[in-house]
Amino acid sequence: NAGVTQTPKFRVLKTGQSMTLLCAQDMNHEYMYWYRQDPGMGLRLIHYSVGEGTTAKGEVPDGYNVSRLKKQNFLLGLESAAPSQTSVYFCASSEMGLALFFGPGTRLTVL
Amino acid sequence: DQQVKQNSPSLSVQEGRISILNCDYTNSMFDYFLWYKKYPAEGPTFLISISSIKDKNEDGRFTVFLNKSAKHLSLHIVPSQPGDSAVYFCAALSTSGTYKYIFGTGTRLKVLA
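One line per chain: the protein sequences are A and B, in this order.
Under the working numbering, the first residue of the first sequence is numbered 572, with each subsequent residue one higher.
Under the working numbering, the first residue of the second sequence is numbered 3, with each subsequent residue one higher.
With a straight-line cut-off of 27 Å between C-alpha atoms, the simulated DSS-like cross-links for lysine-lysine are:
| hint | chain 1 | residue 1 | chain 2 | residue 2 |
| --- | --- | --- | --- | --- |
| 1 | B | LYS7 | B | LYS58 |
| 2 | A | LYS628 | B | LYS7 |
| 3 | B | LYS70 | B | LYS102 |
| 4 | B | LYS7 | B | LYS56 |
| 5 | B | LYS39 | A | LYS628 |
| 6 | A | LYS580 | B | LYS39 |
| 7 | B | LYS39 | B | LYS73 |
| 8 | B | LYS102 | A | LYS628 |
| 9 | B | LYS40 | B | LYS73 |
| 10 | A | LYS628 | B | LYS73 |
| 11 | B | LYS56 | B | LYS70 |
| 12 | B | LYS102 | A | LYS641 |
| 13 | B | LYS73 | B | LYS58 |
| 14 | B | LYS40 | B | LYS102 |
| 15 | B | LYS40 | A | LYS580 |
| 16 | B | LYS102 | A | LYS642 |
| 17 | A | LYS628 | A | LYS642 |
| 18 | B | LYS39 | B | LYS58 |
| 19 | B | LYS58 | B | LYS102 |
| 20 | B | LYS102 | B | LYS39 |
| 21 | B | LYS40 | B | LYS58 |
| 22 | B | LYS40 | B | LYS70 |
| 23 | A | LYS580 | B | LYS102 |
| 24 | B | LYS102 | B | LYS73 |
| 25 | A | LYS628 | B | LYS40 |
| 26 | A | LYS628 | A | LYS641 |
Reference listing, derived: stretches of chain B covered by chain A, where coverage requires no fewer than 3 residues with Cβ under 8 Å from a Cβ of chain A:
| hint | segment |
| --- | --- |
| 27 | 43-54 |
| 28 | 96-104 |
None of these hints come from the bench; they were simulated from the model.
All residues carry an ideal CB built from backbone N, CA and C; glycine is no exception.
Kindly generate the complete structure, drawing on both the sequences and the hints.
So, in structure tokens, the structure goes:
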């Protein structure tokens with residue numbers, strides 16, 4: 572089992588460009604999450620999903636959109652990237668009320 | 003408003019001694035707590051958890067203590083090893099709510115050989 576995988580691992584964008592980060596899990600988990608990690612800020616929840624076809628806002632949702640068309644995939648979109656979105660992005664999944672399993676992260680730089 | 007706080011950004015401990023990492027929370031609806039360990043350039047990995055119906059949970063060298071009245075939890079690592087050097091995050095969850103896992107800002111532990 573691969574667990575939680577993220578694509579791409581690294582990306583550099585110019586301000587105003589768009590991109591989609593892909594998260595896939597093979598554990599049949601219902602719940603999926605997107606976090607960003609910034610120095611001194613810990614892990615902050617961007618958006619999450621409690622099942623296929625559902626999404627909900629987290630702590631810092633502005634500037635991001637998400638979709639969960641298939642149970643195993645959770646996509647995070649940046650429509651118009653800004654330097655403030657430079658961060659490391661982590662996807663995670665869980666079964667109801669149990670431990671979160673994280674992917675390896677995507678390092679995004681917006682110039 | 004930070005609901006989960008780790009007030010110590012860093013901690014240094016001698017190898018073989020006890021490491022104690024602390025975490026405070028404000029939301030009384032949280033009923034499940036977790037600790038994660040993170041190495042550079044890797045995703046966080048699950049260490050240990052505790053439900054609010056317990057006040058202690060042990061797994062090998064790791065023990066988590068929960069004081070609900072003080073809204074405080076701590077992670078004890080005994081004995082500490084150089085490989086334990088990492089950033090540790092605590093997280094809290096309300097299983098009757100929205101299933102949002104809320105994380106603290108992390109504590110960087112350095113175990114000195």
